[in-house]
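Student: Chain order of the listed sequences is A, B and C. Under my numbering, the first residue of the first sequence is numbered 27, with each subsequent residue one higher. Under my numbering, the first residue of the second sequence is numbered 27, with each subsequent residue one higher. Under my numbering, the first residue of the third sequence is numbered 27, with each subsequent residue one higher.
Please note that the accuracy of each hint is not assured.
In this list, chains with the same sequence are indistinguishable; a pair is considered to hold if it fits within one copy or across any two.
[As the list claims (entries may be wrong)] Straight line, CA to CA, 20 Å or less: simulated DMTMM-like cross-link-like pairs of lysine to aspartate or glutamate: (1) 228 to 63; (2) 228 to 255; (3) 49 to 253; (4) 228 to 286; (5) 49 to 106; (6) 49 to 357; (7) 49 to 163; (8) 228 to 263; (9) 228 to 259; (10) 49 to 116; (11) 49 to 210; (12) 228 to 262.
Worth flagging that the hints you see were computed from the coordinates, not collected in a lab. Note that the coordinates shown come from a computational prediction; the quantities given were computed from them, not determined experimentally.
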Amino acid sequence: MKKVLFASTALLATASMASAEIKFSGYGRFGIGYLEDRSGAVTNITVTTTTSGVINVGTGTAVVDTDDVILISRFRLNIDGIVETDSGVEFSARVRLQADENAGNGEAGEAQLSGARFTVQYGGLRVDAGNVSGAFDNLANYYGNEPGLENFIGQYSGVNYDFLAFSSTGAGSNAVFFQYAVGDFAFGASYDTATGAINGDKIDLDRWDVSATYTFNNITAAIAYGETDAGVDGLDDPSLLVFTLGADFGDFSGTLFVADDNTEIDLTDGTAWGISAAYNVGSALTLTAAYGDGNADGDTEQYGIGAIYDLGGGASLQGGIGNSDCDICEDSSLRADFGARFNF
Amino acid sequence: MKKVLFASTALLATASMASAEIKFSGYGRFGIGYLEDRSGAVTNITVTTTTSGVINVGTGTAVVDTDDVILISRFRLNIDGIVETDSGVEFSARVRLQADENAGNGEAGEAQLSGARFTVQYGGLRVDAGNVSGAFDNLANYYGNEPGLENFIGQYSGVNYDFLAFSSTGAGSNAVFFQYAVGDFAFGASYDTATGAINGDKIDLDRWDVSATYTFNNITAAIAYGETDAGVDGLDDPSLLVFTLGADFGDFSGTLFVADDNTEIDLTDGTAWGISAAYNVGSALTLTAAYGDGNADGDTEQYGIGAIYDLGGGASLQGGIGNSDCDICEDSSLRADFGARFNF
Amino acid sequence: MKKVLFASTALLATASMASAEIKFSGYGRFGIGYLEDRSGAVTNITVTTTTSGVINVGTGTAVVDTDDVILISRFRLNIDGIVETDSGVEFSARVRLQADENAGNGEAGEAQLSGARFTVQYGGLRVDAGNVSGAFDNLANYYGNEPGLENFIGQYSGVNYDFLAFSSTGAGSNAVFFQYAVGDFAFGASYDTATGAINGDKIDLDRWDVSATYTFNNITAAIAYGETDAGVDGLDDPSLLVFTLGADFGDFSGTLFVADDNTEIDLTDGTAWGISAAYNVGSALTLTAAYGDGNADGDTEQYGIGAIYDLGGGASLQGGIGNSDCDICEDSSLRADFGARFNF
Chain A
27 MKKVLFASTA LLATASMASA EIKFSGYGRF GIGYLEDRSG AVTNITVTTT
77 TSGVINVGTG TAVVDTDDVI LISRFRLNID GIVETDSGVE FSARVRLQAD
127 ENAGNGEAGE AQLSGARFTV QYGGLRVDAG NVSGAFDNLA NYYGNEPGLE
177 NFIGQYSGVN YDFLAFSSTG AGSNAVFFQY AVGDFAFGAS YDTATGAING
227 DKIDLDRWDV SATYTFNNIT AAIAYGETDA GVDGLDDPSL LVFTLGADFG
277 DFSGTLFVAD DNTEIDLTDG TAWGISAAYN VGSALTLTAA YGDGNADGDT
327 EQYGIGAIYD LGGGASLQGG IGNSDCDICE DSSLRADFGA RFNF
Chain B
27 MKKVLFASTA LLATASMASA EIKFSGYGRF GIGYLEDRSG AVTNITVTTT
77 TSGVINVGTG TAVVDTDDVI LISRFRLNID GIVETDSGVE FSARVRLQAD
127 ENAGNGEAGE AQLSGARFTV QYGGLRVDAG NVSGAFDNLA NYYGNEPGLE
177 NFIGQYSGVN YDFLAFSSTG AGSNAVFFQY AVGDFAFGAS YDTATGAING
227 DKIDLDRWDV SATYTFNNIT AAIAYGETDA GVDGLDDPSL LVFTLGADFG
277 DFSGTLFVAD DNTEIDLTDG TAWGISAAYN VGSALTLTAA YGDGNADGDT
327 EQYGIGAIYD LGGGASLQGG IGNSDCDICE DSSLRADFGA RFNF
Chain C
27 MKKVLFASTA LLATASMASA EIKFSGYGRF GIGYLEDRSG AVTNITVTTT
77 TSGVINVGTG TAVVDTDDVI LISRFRLNID GIVETDSGVE FSARVRLQAD
127 ENAGNGEAGE AQLSGARFTV QYGGLRVDAG NVSGAFDNLA NYYGNEPGLE
177 NFIGQYSGVN YDFLAFSSTG AGSNAVFFQY AVGDFAFGAS YDTATGAING
227 DKIDLDRWDV SATYTFNNIT AAIAYGETDA GVDGLDDPSL LVFTLGADFG
277 DFSGTLFVAD DNTEIDLTDG TAWGISAAYN VGSALTLTAA YGDGNADGDT
327 EQYGIGAIYD LGGGASLQGG IGNSDCDICE DSSLRADFGA RFNF
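With the rest of the complex left out, here is chain A (with noise of 0.2 Å):
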């Protein structure tokens, strides 16, 4: 017999009393998806011929070529546990349940489990732990409008430095993030504790980050620094800026960042920039478009257009063509990419 989980917003009585639940959420894409030259490791069967004529079979991987069109897909699924004290304090744990193709040989992947992520909410102010977003992560903004099905081209390509972030399908780190809201500000902070080890001799290799933001009318700014301790003396610690700027003109919305990205390795150091904008055409459809790039040899420059077109029902057909490419780059990469995607 199957069981149905109903729409939260028709049979619940959310009184203003202490309770508990357990909430799922998620969505579902798939699509086709083209890349320019995509290879990927795929079962390879050697075949040896000895001296003395005996064949030998083994198998193991080899990296090859695979097809350069092949179906995309995403299955994802947040386990909520939720649970709200006399008082009005709001508990809650996540953990995510996903599954990806591989998108290197077009293959499928099984579903993975995240580590778990902890929140404490009373009125403004709420703190994670665990498997959590930092301040950049979780900043107005540093996305924009991300084109394609895939969300593949983005304004923040040319940026390197590595910040606290969620993990979807793996462990993440366990960290802690702060959030407090108060009338048209913002406030954002974590920090996340890291031992590692060089020569068997451990070195710390915490990282922090902090944000503000405001809103005013239809415009919103951010701004994010993080900083990573390279455990090491004599290194410095990679660092990152981010300045991001939001707006919404009624049918039209923009994004506009810029950082100062200060990865302390020259290939990738230095400022990047960007901006994405979205379109809406009539009821259904939006347009969308983003561009990213950096001033460094090795950072990632891309720019492409999307377009959503709604279903109803949480439903839309969503595709988008842009190009990867940069300063050192032998070939700059094509890709493009057309599906649905259905929240629920």
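Could you slot chains B and C onto chain A? The hints should help.
Tutor: Below, chains B and C without anything else, positioned relative to chain A:
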């Protein structure tokens, strides 16, 4: 606090408008299983004494005879996210969670997650993508009645062709399956792109299959054909042609199975055939039987009988006994099981 | 669209007829944990310079001292499929999903899936099969009060016998557990078949246990005995005998624990004992304490105190402090934690 999912029939008003929901369904089954000469990999402790008298202890695994009678079990949970658009098109996505006992050493096994399957349905048309079943796995009466709690006897036992099928505990293939039903007819087709390598050179291992099904009165006839690219010049492509017939006469139902199993390997090449039957003895008890064989030396011959006793509420007691053998097998293998199955 | 599971008490009419349902339940807990001299495996970068001046960089893992204070957490979700037959027999199956932090290096951990447990219940009789707990793990007052958010202090600390217990993050054993309750008495018994090997030769490692429990007024007395087959001639079978007493006097409750821990290894062989207590201070605050020890040199001695502050809705603040030591341990180990726990 424990949460409960409601049966869909009772409370859900599925209005004819856009909607989104997450459904859970599945079954549990457990009991005892007998397998003649069962063996499996177990933890092995190696104790060695050196010439100087030093005793070394190591651990690894060894394959040994294990208990013929073990606890058998399966837990299966289907997780389905479903969205219906304004125009009545249904998008859905499934991941399966399944735990099975280890049939070799008799121990339990952790639950595994499958790759995701994506579906779009409208009227009589259905398209599956991702970890899907193909035209054979979806073919009417391919499996027929399979005696035993574990359905371990089947009319298809003589078939060795490896067709496209949903993987419950792995990634599965990344393929597409189409199905179209109109009146008494139904058509199916699948295509699975796959890349492999020989000595590091890419080869194509694509496979496809098609099927047609016709239902007239109490009889269903179905035919399916499929091929797999051998990938190498000079090698013939393996293929399979299957014809099935199913008939329903009140308390009695039966199926007939014939296949041309073109594996291109002498040991398994040739014709395969089988029959199965089910008979309702009174209101709660059903008896089942199946027989399958093939004319190749390596083809598996199977025959057995089973019984199902309905307990109501989706629960039943099930059991079966059967024999597997082949022309070149040293010994036949007797197998029997008994236990409970309950659908939720 | 997000989905909500309803609390079972509010809306579900469990009529006395056949039914099927899927239940979700669990808890989250997170906070900070202190462990004296914590250490764990972290990523280690090895840098070596050859005589010719070439610098080689490799990565592996190394065990180093990590932060004594880390973020501790657990996310637990029980997935239960439940079917009731026409005659009132209940069949159910459970798989658990659980994510814990890595207590060694302080990082997060991916959620894991357990092996499945199957249950049939009718009146006072219950039979579990698969990944089950045995008579000790199910014994009244075996664990008693365990101070700390992580319940890290227990009266049973002197016990070293490895009894049958449900595995939350692994396959567990494939065993059977019986329980029968009649009036003030309850009886339990389990049998776990297991096969191993020594130098490739099969050995039996079966284990079993039995228990009896008697409740009179506010006191519960329980006794349990279990043995594990050593598998080798000439080796004695390890065994465990446990006696527990639990009493409830209004706001105060306490437990007493005595065990004959026959591990057949000198370092851990002998008597183990312990006590625990809980005291309700006012309506929301509960204080807990526990002490455990054994007479063998390797037995772990533990003592500690804790506090639980109820926030309503299934949420509470919990913390504890305690010490672990043993006769031959170089140092004792101080441990403390504090955080929130919420049941959903």
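Student: Next step is simple, just say for each hint if it's right about the structure.
Tutor: These are the hints, each one checked on the structure:
{"no.": "1", "hint": "228 to 63", "verdict": "between (42 Å within a copy, 14 Å between copies)"}
{"no.": "2", "hint": "228 to 255", "verdict": "within (13 Å within a copy, 44 Å between copies)"}
{"no.": "3", "hint": "49 to 253", "verdict": "neither (35 Å within a copy, 43 Å between copies)"}
{"no.": "4", "hint": "228 to 286", "verdict": "neither (30 Å within a copy, 43 Å between copies)"}
{"no.": "5", "hint": "49 to 106", "verdict": "both (5 Å within a copy, 14 Å between copies)"}
{"no.": "6", "hint": "49 to 357", "verdict": "neither (46 Å within a copy, 46 Å between copies)"}
{"no.": "7", "hint": "49 to 163", "verdict": "neither (23 Å within a copy, 31 Å between copies)"}
{"no.": "8", "hint": "228 to 263", "verdict": "within (17 Å within a copy, 44 Å between copies)"}
{"no.": "9", "hint": "228 to 259", "verdict": "within (13 Å within a copy, 48 Å between copies)"}
{"no.": "10", "hint": "49 to 116", "verdict": "within (14 Å within a copy, 22 Å between copies)"}
{"no.": "11", "hint": "49 to 210", "verdict": "neither (30 Å within a copy, 40 Å between copies)"}
{"no.": "12", "hint": "228 to 262", "verdict": "within (18 Å within a copy, 45 Å between copies)"}
Violated hints for the displayed structure, listed by number in ascending order: 3, 4, 6, 7 and 11.
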